Every structure is written in C-alpha cells, then in structure tokens.
Amino acid sequence: MQSFRTEIENPVVEQDIIELANKIALFHDGKIDEEKFRSLRLARGVYGQRQQGVQMIRIKLPYGKVLSNQLRRIADVSDEYSRGRLHITTRQDIQIHYVDLDRTPQLWEELERDNVTLREACGNTVRNVTASETAGIDVNEPFDVSPYADALFRFFLRNPICQEMGRKFKVSFSASNEDTGLSYIHDLGFIAKIQNGERGFKVLLGGGLGSQPRHADLLYDFLPTNKIIPVMEGVLRIFDRHGERKSRAKARMKFLIKNIGLEAFKTLVEYEQQAIEFKTVEIDSSNYPVSIPVSVETPKIDIDNAIDFELWKSTNIIPQKQKGFVAIGIKVLLGDFYTDKARLLANLVEQYAAGEIRLSLRQNILIPFVKEDLLPLFYTELKKLGFTELGYNKAIDITACPGTDTCNLGISSSTGIAEELERVIKQEYPQYLKNEDLVIKISGCMNACGQHNMANIGFQGMTIRTKDKLIAPALQVLLGGGNKGNGSGVFADKVVKIPSKRGPEALRRILDDFETYATNLKFEDYYAQKGEKYFYELLTDLSNSDNLTQNDFIDWGSDEAYVKAIGVGECAGVVIDLIATLFLESEEKIEAATIAFSNQVYSSAIYFAYSSMVNSAKAILLSLDVKTNTQAGIIKQFDERIVDTQKLNLAVSFSDLVYQIKVHAPTKKFAKAYIKNAEEFLTIVRGLRAKDLQ
1 MQSFRTEIEN PVVEQDIIEL ANKIALFHDG KIDEEKFRSL RLARGVYGQR
51 QQGVQMIRIK LPYGKVLSNQ LRRIADVSDE YSRGRLHITT RQDIQIHYVD
101 LDRTPQLWEE LERDNVTLRE ACGNTVRNVT ASETAGIDVN EPFDVSPYAD
151 ALFRFFLRNP ICQEMGRKFK VSFSASNEDT GLSYIHDLGF IAKIQNGERG
201 FKVLLGGGLG SQPRHADLLY DFLPTNKIIP VMEGVLRIFD RHGERKSRAK
251 ARMKFLIKNI GLEAFKTLVE YEQQAIEFKT VEIDSSNYPV SIPVSVETPK
301 IDIDNAIDFE LWKSTNIIPQ KQKGFVAIGI KVLLGDFYTD KARLLANLVE
351 QYAAGEIRLS LRQNILIPFV KEDLLPLFYT ELKKLGFTEL GYNKAIDITA
401 CPGTDTCNLG ISSSTGIAEE LERVIKQEYP QYLKNEDLVI KISGCMNACG
451 QHNMANIGFQ GMTIRTKDKL IAPALQVLLG GGNKGNGSGV FADKVVKIPS
501 KRGPEALRRI LDDFETYATN LKFEDYYAQK GEKYFYELLT DLSNSDNLTQ
551 NDFIDWGSDE AYVKAIGVGE CAGVVIDLIA TLFLESEEKI EAATIAFSNQ
601 VYSSAIYFAY SSMVNSAKAI LLSLDVKTNT QAGIIKQFDE RIVDTQKLNL
651 AVSFSDLVYQ IKVHAPTKKF AKAYIKNAEE FLTIVRGLRA KDLQ
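So in my numbering, spot 345 of the sequence shown is number 345, and the numbers just go up one at a time.
Keep in mind the hints are simulated off the structure, nothing from the lab. A quick note: this is a predicted structure, and the numbers were derived from the prediction, not measured.
Derived pair list, reagent style EDC-like, types lysine to aspartate or glutamate, alpha-carbon separation capped at 20 Å:
#1 K371 - E381
#2 K636 - D656
#3 K469 - D552
#4 K227 - D217
#5 K300 - D373
#6 K672 - E591
Model the full structure from these sequences, guided by the hints.
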C-alpha cells in the first residue's frame with residue numbers, strides 16, 4: 001500500500017486525510033467491503049455521482065460564510081481537480097463534480113490550507129450547520145447567531161457521538177422571527193430570542209422534508225445559549241442509540257419522535273444530561289472573529305444606464321443594521337458559477353467590502369458590509385462578471401437541485417425546467433421581478449433537495465406512463481406551502497401530476513388565476529382560501545397522457561428520448577456491515593478510546609468504548625442471523641439471545657454493562673474502567689465467534 005504524506009500542520013486533520021488515502025488503497029486492493037468504504041468516504045465529503053468513475057465533492061461551509069482567501073482556494077482546487085464549475089447548494093455548501101476518487105486526499109489537503117473542510121459534509125453525520133445569510137447584519141435580529149452556529153459546528157465536528165448514526169442530522173439557526181433559517185424543517189432548529197435580557201433560542205425538534213414532510217415540534221420556548229450544546233449532545237446520543245438503522249426510509253429523527261413521542265424523547269434527553277461532561281457550555285460571542293469592512297476612498301464611477309442601476313438597487317440591495325452599509329444580493333442561476341468569476345469576486349470584496357461573502361439557502365451569494373457610496377463601483381464591477389441579474393430572493397429566483405445532471409437519484413431534469421420557468425416569468429410576468437412573496441422551488445426526485453414541498457409553488461421530478469407503456473418525464477405540481485415565521489410553516493399539497501413539458505403552461509395558469517382573482521393576498525393565503533380541489537380542476541386537463549407528442553418524451557435540457565435511470569442514492573450512507581469488519585471496527589474504536597483517554601478527552605473515550613461494545617454485540621447477532629436495528633435493540637437482543645441463554649457469562653447483563661454510559665459522569669476513573677470493559681468484551685465475543693466457527 002502506497003503511503004500518503006501531507007503538509008498540514010493540524011495533526012488531527014492530517015491523520016484524517018491520511019486515513020482516507022489509506023482506506024482508498026485498501027478498497028482498491030479488495031480489503032474493504034464496498035458498502036463500508038462508502039460510509040467512510042461519505043463522512044469525508046466524497047459522494048458518488050450519476051456518471052461512473054467520478055465523484056462529487058461537497059465542501060462544508062458553516063452558515064455559508066466564505067472568506068476571500070477561502071473562495072480563491074476553492075476556485076484553485078476546482079480548476080486543478082475538476083472542471084472549474086462551482087455549485088451552491090440549499091444548505092450553503094459548495095459542490096464540485098467529476099473528481100477522481102484517488103485524488104480526493106490531495107484535494108482535501110489543498111482546501112485545509114485555508115481552513116476549508118470536507119469532513120462530515122455527507123453521510124450519517126451532523127451535516128453543515130446552516131443559518132440566515134443575513135446573520136450579523138439583519139435589521140430585525142436580537143443578536144448575531146453566527147458565533148453560536150460556529151461554536152456548535154466546531155464542537156460536533158469529529159465528535160464520536162455523531163459519526164455513524166442511522167441517518168443524517170441537520171441543524172439551522174435563524175437570525176429573527178422571520179425564520180429565514182427554516183427551523184421548522186430541521187432536526188434541530190434555533191431561533192434567536194432575548195428573555196429578561198438574556199440571550200437564548202426557541203428550539204424546534206424533528207422537522208424534515210423528503211417524501212413525508214414533518215413540521216418540527218417545539219422543544220423549548222427559550223433555551224439559554226449556554227445550554228444549546230449540551231442539549232444537542234443529548235439529542236444526538238438518544239438518536240444514535242434509539243434511531244432506526246435497518247430501514248433507510250424510517251431512519252430520520254422525525255420518525256423517532258413520531259414513534260416514541262415528544263415528551264418521552266425529551267425525558268430521555270434530560271436524563272442523558274447526567275452522563276454528559278459539560279452541563280453548560282459558555283459561548284463567548286465577543287471573541288468571535290467579525291469581518292471588518294475596509295476603509296477606502298470612493299472612486300468616481302459613471303453609470304451608463306441610471307434606470308437599470310436604480311432597478312438593480314430596488315431588487316438586489318438588502319438593508320443592513322450597521323449605519324452607512326448595505327448588503328448586495330447576487331442572483332446565481334441554479335447556484336452554478338465558475339472559478340474565473342469566483343476569483344474576481346473574492347478580490348472585489350477583499351478590496352472594497354469586508355473580505356467575505358455569504359452563501360444563501362436559495363443558492364445565491366450575499367456581499368455584506370458594502371458602503372452605500374460604493375454601490376456604483378460594485379454595480380459596474382459585478383456587471384462585468386454577469387452578477388447583476390435582477391430579482392435576488394424574488395419570485396423570479398427559482399431554487400433547483402442538480403436533478404438528472406449529476407445526481408444518482410434524479411428522475412427528471414430540475415435545472416432545465418427551472419431555466420424555462422424563469423424565462424417565462426421574465427418575459428411574460430415582469431411584475432414579479434420585485435415580488436418577494438412568491439417562492440418557487442424544484443426537486444428532481446422526492447428527496448426534496450430543492451425543498452419543493454415547502455414552496456408556494458413546487459415541482460417534483462417524476463415519470464408518467466402512457467397506455468402503451470411508454471415513459472415520459474413528469475412533474476408533480478405542489479401548491480400552498482410557505483414559511484409563516486417564528487418556527488411555523490405549511491407544507492404544500494400535491495395537486496396534480498403532468499408531463500414535464502407542460503410545466504410552463506401550468507405555471508401560466510396558476511399565475512394568471514392569481515393575478516385575476518387574488519386581491520391583496522399572498523399566494524399561500526390565496527391557495528388556502530381556494531383549496532386543493534379548485535387548483536386541481538384548473539390544471540387537471542394537463543395531466544392527460546393520451547395526447548402526448550414526441551416532444552413530451554424529451555426532457556428539458558436534452559435532445560434525446562427520455563430514459564428513466566435511477567442509481568443508488570448515497571444521502572443516507574446506508575451500510576451493510578460484515579462480521580469481520582465489525583470486529584475490526586471494534587478494535588479501531590478501542591484504539592481511538594485509548595488515544596482520547598491519553599489526551600484527557602474522557603467523554604470521547606467513553607463514547608468510543610460504547611460504540612466498540614455495540615459493534616461487537618452486533619457482530620455476534622449477525623453471525624446468528626438475528627436481524628439488528630437500533631443500538632438499543634442490539635443491546636436488548638444480545639441479552640435475550642446470548643446472555644440469558646448462557647451462551648456467554650458476563651457476570652452482569654449486557655445492558656447493565658453498556659448502559660453505565662447513561663449514569664456515570666465522564667470522569668477519568670470511569671473512562672479507564674469503561675475502556676477496559678470494552679477490551680474484555682471484545683476478547684470474550686471473539687472467543688465465542690471462534691468457537692461457533694469451529
């Protein structure tokens with residue numbers, strides 16, 4: 001196996017990158033199961049894409065903040081390892097596509113030179129921590145949520161309690177009651193509040209989109225800032241222990257809450273606090289590195305077209321709470337832009353703003369801390385880059401996932417139909433150029449990466465079958481969703497399924513009806529007034545598949561006849577564990593526990609030991625063809641099938657042995673004893689396995 005060397009100064013990061021390189025080599029040598037390797041690379045931001053032999057790399061950018069030097073570094077990496085295109089996601093990440101798997105360790109090393117990570121951008125981990133892109137400048141915010149989002153991101157990165165969960169876990173922070181962080185669709189959502197002069201958050205739990213969207217429950221009306229990390233640690237530990245691991249479709253937090261109930265879950269989280277090392281974690285927001293706007297003389301700029309300039313200001317400028325400054329919104333069509341423009345943008349904000357940009361949940365770019373008298377300069381320079389498209393965060397600003405362009409799960413084109421719908425609005429409904437109330441979103445499949453089922457008007461990629469059993473690309477039309485603010489939202493109704501090429505006509509009918517009959521109402525309120533049946537009758541004739549033309553069998557953005565081709569999705573990072581690899585993992589976790597103990601990180605050491613014992617028990621159960629599901633189920637089944645039947649003598653029940661983690665504080669003494677328990681247990685069960693094989 002070829003050794004890989006890095007020049008990263010941080011030893012933890014260096015070891016992470018070396019481990020990825022080593023695992024890639026072992027995978028090529030056939031020494032790691034493909035499914036197990038998938039889990040490992042996903043947790044390091046390496047995601048298989050629709051095209052064979054190449055990977056999508058997801059770059060984790062907490063709360064969407066990107067410094068100028070980081071943007072230049074990302075651009076350099078994309079040019080060197082990919083094709084020079086950057087894609088902004090609806091979770092404020094950047095993705096680059098068409099990367100050779102063998103080059104991913106070098107790519108990661110290059111990014112880390114400017115403190116940019118891939119770690120836990122995919123897989124069954126805590127995904128990117130998102131936040132309102134206006135955090136820190138929002139005129140309505142009680143305080144800046146950025147330091148708290150940053151602290152939470154750093155605390156749980158590489159934290160052993162959330163490396164191999166049953167499914168992914170998503171967290172958001174909203175700057176104000178407008179809830180622009182969309183707390184109600186997240187596993188944990190935080191909305192900034194001040195109570196009796198104290199900073200804190202309204203906390204929501206168990207939201208999600210996908211094929212079965214669920215509105216988050218209220219966990220706390222007010223939680224002080226020093227409790228957000230302990231509470232989230234408790235939530236993650238319970239999710240890890242009790243969350244579904246067999247059925248991917250039922251493995252998200254929202255299903256666990258539905259199964260055991262909110263109050264029961266809350267009780268488990270509160271009980272778990274006695275086993276958590278830090279009962280409070282103070283987050284010093286005063287030491288958070290705030291970007292400082294530069295002080296420059298205002299150059300004299302002649303504007304060619306004053307009317308266009310004023311129109312741009314009316315749709316793309318966002319007020320800022322800091323006097324004399326505004327933020328500039330850049331509408332990025334479908335979230336795609338290129339490295340040559342990225343570098344010039346990085347230079348521009350470094351020279352004339354605060355040296356940073358923010359990526360938004362609607363796949364756009366925000367430039368904060370622009371002096372108002374510098375707007376002519378920015379308009380002129382951004383226009384050269386093609387970055388003065390009108391309608392930032394307006395109706396014309398349609399969100400879409402990559403769909404069949406690169407995603408394994410894409411059923412029909414998201415990007416193609418999005419471009420066409422934007423063209424229709426621009427040309428036929430110019431009055432929507434300034435409309436902030438109408439939100440249109442598109443996903444290429446039911447997984448809702450484009451967040452279609454929370455939109456006023458949403459489209460989901462599907463297929464439609466004719467009587468002759470021919471298959472054409474289709475769109476499910478969803479209507480009536482919306483963000484009500486302060487943690488409340490409405491999910492859209494599925495109204496009708498139509499051939500994809502009829503999507504523009506469906507949009508025309510919806511907008512024409514809204515224009516004609518809605519009086520001083522937002523679209524979501526107008527839809528609630530009229531109801532699903534009304535819009536079904538308005539659109540139902542478009543669903544007729546008896547009169548399809550040849551054009552209907554060609555998807556948007558393609559010249560060829562449509563073929564339904566769905567690969568294996570990797571969003572869940574589903575793992576099919578083998579007995580041998582489970583024992584190997586148990587060894588590795590004990591080694592990690594020993595290292596953490598020597599570094600005096602006792603809470604991590606204890607959790608590594610816990611994971612080792614659960615893994616070892618699972619290996620034995622699988623050897624007996626016992627179906628395993630949750631960690632709690634594994635512990636219970638091991639007692640029933642192994643301990644109670646006296647196949648193994650532990651002196652105590654396995655439950656009592658393992659669940660010491662729930663009742664003991666993470667002291668040095670307990671950590672040392674618990675690691676020893678894990679070592680002894682692994683030796684015992686390996687002996688049992690060897691005996692069974694004989």
